[in-house]
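K.L.:
Please arrange chain F on chain B, whose structure you already have, making use of the hints.
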Amino acid sequence: MSSTTPDLRRQPDPRRQPDLRLVALAVAVVVALAVVPFVASTYVVTVVLRMVVLGLFALAFNVVFGAADMPSLGHAALFGVGSYACGLGLVRWGWGIGTVVVAAVAVGTLLGILMGIATLRTQGIYLLLLTLAIAQAVWGLAFQQVRLTGGDNGIAGIDRGLLTLGGDGLVGFYWAALAVVTVAAALLYAFRISIVGTVVEAVGMSPSRLRALGFAVGSYRVTAFAVSGAFSALAGMLMAMATRFVGPENLAWQLSAEVMLFAILGGAASFAGPLVGVVLVAGAEVVVSDWTDRWPTVLGLLYVVTLLFLPDGVVGWLSQWRDGRDDPDRPTRASRVGRSLPPAVEAEP
Amino acid sequence: MIARPHRPVRLGLALVVSLALVTAACAGSAVQDEEPADPATDASAAPDDPDADAQPITVGLVNPLTGPFAALGEDVNDGFRLYLDQHDGMLAGHEVVVETEDTANDVATAQEAVTKLTEDGVDLLAGFVNSGVTYGVAADIVDSGVPLVITTAGADDLTQRDAADNIFRLSYTSSQDAMPLGEYACTELGHETMAIIGLDYAFGWEAASGFATAYEDAGCDVVQEIYAALGTSDWAPFVQQIDDRAAAVWAVAPGSDGIRLLQAYRDFGVSQPLIGHGSTTDEQILSEQQATADGVVTSLHYSAAIDSDDNRAFVTAFEDETGRSVSQYAEHGWATAQVLEAALESIDGEVTRETLVEAIGGVEIDAPRGPLRFDEYGQAIYTVYVRRVAEVDGTWVNEVVDSYPDTSQFWTYDPEEFMAGTPLAELHGTWD
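Those protein sequence lines, which keep their order, are chains B and F.
So for the first sequence, numbering that gives the first Met the number 0 puts the first residue at 0; every next one is plus one.
So for the second sequence, numbering that gives the first Met the number 0 puts the first residue at 0; every next one is plus one.
These are computed hints drawn from the structure, not numbers from a lab.
We put the CB at the ideal spot given by N, CA and C, even for glycine.
No false leads were slipped in.
Coverage of chain B stretches by chain F, computed from C-beta distances (three or more under 8 Å per stretch; other residues unrestricted):
1) 243 to 253
2) 289 to 301
Coverage of chain F stretches by chain B, computed from C-beta distances (three or more under 8 Å per stretch; other residues unrestricted):
3) 97 to 109
4) 134 to 140
5) 200 to 209
This is chain B alone, in the form it adopts within the complex (with noise of 0.2 Å):
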């Protein structure tokens, strides 16, 4: 580790193995969520199919957020085109199912790829605004294409018996969901420890010092916006035939707040911060909705003080408590966005 010219194909980094504890974990809450529908009501089965769809889309927004530091606001477009991909592909031009999950991916990765070149110039809070813009874009296109998607009424009748495994109706569509994000989340954490998902966490935590490097950061930025969108389409199109209906909030900028909201409650530093986050808001949404009228007030209120408290999501808290909280080397989130380089590699000689 003396040289400064990091060569990544030679070194064993620990940051490149699986971490086999994740890969146990995440093998035994499958595993939990596959039993849910023997066990529970439908009404639970529908809940817990949100949130693991949600679960897909929050991982794949991730490799943005958390990995290359970029905050988009607009990631309901490469969300919503799944959707709408599956929607009109299936209700609309009558597609087969193999057709719809290949175009939905496709169109996602395509404005992803958009989204990241347009975006290549901007930082921060500019970039936040350049993805809202063309999220807007899409959104409104959606919203007055009437003849084609049936503007704010949406499409309905969307057929989820096409993707189904092991059952009928909601618990077949519910196993062949959780099938397929749990494929999608294993290639996306594949793709976080593979070089080029290191290199775009390296350009998350400081461009310019891998621009001094050699590195092509613009094009390691575009990646990161193509995998995201790809995945977050195909957890659109799942979103779609889960509720059998696609309609311009599935391409709200609602919906991109949501999606930052789990990251950052849960932790964005971490692969699976994000799906803290969507157990903690879903969940929430859920029970206090179960309470009182007044629930967007108390979870309102719940994220102000979660955000001011716990600045690195729960995950990122939990660690600091874990680690000790008074080690100043750690990275903490805050330092990453103030572009100062991480400890760790500061410290090396």
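P.N.:
Below, chain F alone, put in the same frame as chain B:
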């Protein structure tokens, strides 16, 4: 940073904290729960000794209780509860239990609400404001077989091209209340040319095209169409565009957009008389519009000023109970309870989802708005009133000036031909 050790431990702890946060949120909400005394969420409103042989009936009210349409949802729910309370929680000898769920104006939330209610075994679902949300839950409701009475959502096709046996609607289709005014404006008011100004979304388009269809078929001509986005804060640029060739202006702008449209219309001194869809001068916003709405002629299936015993009883009861002025939405809730009562009365023997669907299809009631029954597509047939805004004893009201009894969603057209034509929403922008 992905592969740092002990991540799973942290994840497990994160889940525990998630639970703790949720619990904390619930503890905080208990206080808020108590303040609005909510008669619907508990069954205790019903008397202790229900008829021994009549089975209890559970009704799921599914309306937005948060978000932009919360006021509408609350009016519907209050209208329903009020009718129930006035009958001591008993309709046609059945104890009626109400469960309320919030759609939050969101498809996924609404689907969860519907799934929960159908699992709880509700006998009737009522509600829905947003048409997109209604489309989103329609498949689940059709599958479940539970009868649904839509109380606000207007999309034409819910009871036309996408009609289902167990879906009824006693509120308007977007175009139903607009079409009679098309004929009235041309033949009775004598406005030969018209500019249309409205909100740029499916409801606005369907209402405008419904009006334009009937207006042009009566022999008059739409010369201009202007659409502004939902929630337009400044209507001045749109009002300024109104063409001098138009003899009058027809508007569709429910909610706060209606307040701002009328304000801009008067501020810029537009000379043409203003007419419109009834939702533009709803009682809910009329108290804000005041003199800016003076003389505006609109069409709707309801007005608080309808001069009948049924309506006076309803208005008095609602205003005494809630302290708010009545609206069409409150009437929808009240009428839903009446429909349920009439349907239960007509059922001999066991009440099942099938018998209830059958019975609702055949009911005829005298609602506050007047006679109401359903057509073969599940859409209500009722009187559409032509109303003029006027100040009566210091209050602004929609005075009834004319009426079109037994107005169907197809107006005077043949249902088959009507549905074979281009959907009205797609015709917007083609009239000028």
